[in-house]
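Trainee: Chains A and B supply the protein sequences, listed in that same order. Counted the way this note's numbering counts, the first sequence spans residues 32 to 248. Counted the way this note's numbering counts, the second sequence spans residues 30 to 137.
Read the hints as simulated data drawn from the structure, not as lab findings. A portion of the hints provided could be inaccurate.
Stated by the list, open to error - Coverage of chain B stretches by chain A, computed from C-beta distances (three or more under 8 angstroms per stretch; other residues unrestricted):
(1) 65-71
(2) 74-81
(3) 97-104
Model, not experiment: these values are computed from the prediction. From the three backbone atoms N, C-alpha and C, an ideal C-beta is built for every residue, glycine too.
Chain residues, written in single-letter form:
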Amino acid sequence: MMPGIERGERRKKHARVAGFIALSAVVAVTVLLRPGYQWVSLTVGVCGAIAVAASDLPRGRGGPGPYGERTKKRARVGGFIGCGTIIISGLFQPDWQWLPFAVGVPVAAAVLTSGGLRGGGRRRHGRGSGLSRGGRDDDGPVGAAHRWRVLAMVSRLMPGPGGRRWLAEADSLLSEIAPAGRGAAIRSYLLSAPRLVVMMWAREARRRARPGPRRPG
Amino acid sequence: MALRLTVQVQLVVQALLRDPAREMYGLELSEETGLQPGTAYPILLRLEHEGWVASSWEDIDPRAEKRPARRYYRLTAGGAVQARAALATARRPKGTALRRLAEGGGTP
């Protein structure tokens, strides 16, 4: 990873975590002002968990290797289970209808801003990715990092294995393509993505509808 | 669903048919066809779903090679036969269509 990107990413990560903690505090204060609601600690806890799950964990804990992946996965699963519990309880308690919004908005923001919430094996623009090594994109490392994040986000719209493979192939190809052509290549990946998403899900639906033992896509 | 032989599909199939035994990776194919990688990928995926093409990841150590593994594509035996037959009956792309394709970097 280029030092500039690494520093920028670390700053972003800290900002993300701080933002979510602040958001949790706002939610907690809002809840405290409404007497009778005892879910304050749970809300804060869940928002914190989502913040951790959404942000990249510090290197060494969420880094490469089975332990890091497991930690990340647990954080994600914990966040989603807690969040799901609150949303469901909010839906079934008429007095708590504000809860889904209080939790849903941070979750949506977390999903949108995170670089790797889903897909433990997917690569972000970190060490070894095509955009972080061997020259810059035509609009510099910031543009390259941004586009890489968009590619990673788009890959999450695809069925798991298909998305991972698409991203891995894009990574492989972009690492070898001449820097001058990289921007155009990424644009072409993004342009063809909607059709690909539809194609992959149609295939996935057919595969699931088919009787008999399932085969990974 | 039958595979529609668009100009881009024909370009990819022709590139693979030049040497059916040869394995090609995305960048090679994209350079040979003049298509952008993002355009070639869905085509390769469709060809793979139809059984015309088989693909596999390169078996390397990315750290040692200092680059990610490539995914190699090659025509299957049946795929090569089907591709030749399909190309023989397909409408040949006009020169203008190919020129437009080359100017647009292969984006449909």
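Trainee: Does each hint hold? Answer for all of them.
Mentor: Here is how each hint holds up against the structure:
1. 65-71: With 6 residues close enough to chain A, the hint holds.
2. 74-81: holds (count 3)
3. 97-104: holds (count 4)
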